[in-house]
Amino acid sequence: MKSPLFGFAVALVRAWTRLYTWRMEPALRETRREEIESDLWEFQHDSMAGGSSSGFHVLARLFLGVPSDLCWRVDNALSRDEGLRGRAALTTAAAVLVAALWIVPALFWRNGPLERTRANDCPSASTTRPADSLTRADYRMQVINCAGAFFGRRGSGPPEP
Amino acid sequence: MRRKQGSLVPLEIAICISASDRHHQGVNEFHGYEIARYLADDAGRRLLTAYGTLYRALGRLEKMGLLRSRREDPHISARENRPGRRFYSLTAEGEAAAREARKVSTEKTPRRARRRLAPA
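Line by line, the protein sequences give chains A and B. Using this note's numbering, you'd call the opening residue of the first sequence number 1 and step up by one each time. Using this note's numbering, you'd call the opening residue of the second sequence number 1001 and step up by one each time.
In isolation and in its complexed conformation, chain A is listed as follows (with noise of 0.2 Å):
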């Protein structure tokens, strides 16, 4: 009679064998679904299996296995369109990172946070043109110019107006 544990352990390696294998070439896959499922029914009718130390005997396969597995699925993964398909999706989700840290401050300088910024209140704002004319590169200079001010000697900053 086959232990709870047992039977706990074999749909574990049935479980994870599906999980690694999902989404493989089909002919790879079931090669590898049907090899394991074969060395299942193989252990379970060997006299060395029953009672509850066969389930650990299964755990114990399973889980030294699990970088193996890993590896194997890495390898047949890369050779194959699915690595193609990945690496773009990868690239296309960097690529949208990407222009969403461009775009969003963008979005932010058009609609005006800047009327009422630090750089707005900076001493030196006060010197240069009004918030609604700045540009890009005057907003720049005027951070860099606070920052300066903030970090630089006292009484070597602009003057209070």
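Honestly, the hints are just simulated from the structure, not real lab data. There may be inaccurate statements among the hints.
[Said to hold, decoys possible] Coverage of chain B stretches by chain A, computed from C-beta distances (three or more under 8 Å per stretch; other residues unrestricted):
#1 1030-1043
#2 1084-1097
[Unchecked claim] Taking CB as the label site, the calculated pair distances span:
#3 B:Ala1043 x A:Ala95: 43 to 53 Å
#4 A:Ala27 x B:Asn1081: 22 to 32 Å
#5 A:Leu5 x B:Arg1045: 17 to 27 Å
#6 A:Gln44 x B:Pro1074: 19 to 29 Å
Backbone N, C-alpha and C define an ideal beta-carbon position, used for all residues, glycine too.
Since the structure of chain A is provided, determine the placement of chain B on it from the hints.
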């Protein structure tokens, strides 16, 4: 760490040697579970080789041309009401690799023994 192209890891060498031994005993084909049992018996341990490690090694040996595999006739497995097996057999290259590995191991063993015996 990456392996050198064409080099065999100890498990792969053990598979070749074990398959070669069985071949000389008249067993020409074996499935995954059988080879795991052979390896455990040869090494004198109870725990069988992990699933991932074993099937990855078998796949690699097949890619290198040291093993060949075939799927069992589905009618047989259906008749016996069990999952289909994949049978592996050693190729001529595999046999040569096993012979080479045996030669290397026998060359190494006396040197080790001599070193151990020297102080006495």
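Evaluated hints:
1. With 6 residues having a beta carbon nearer than 8 Å to a beta carbon of chain A, the region 1030-1043 of chain B meets the requirement of three or more and the stated coverage holds.
2. Taking a C-beta to C-beta cut-off of 8 Å, the region 1084-1097 of chain B contributes 3 residues in contact with chain A, enough for the three needed, and the coverage statement holds.
3. A beta carbon spacing of about 51 Å between B:Ala1043 and A:Ala95 agrees with the range 43 to 53 Å that was offered as a hint.
4. Separated by about 25 Å at the C-beta atoms, A:Ala27 and B:Asn1081 satisfy the suggested range of 22 to 32 Å.
5. Judged by the Cβ atoms, the range 17 to 27 Å given for A:Leu5 and B:Arg1045 holds: they are separated by roughly 21 Å.
6. Between A:Gln44 and B:Pro1074 the C-beta distance comes to about 20 Å, which sits within the given range of 19 to 29 Å.
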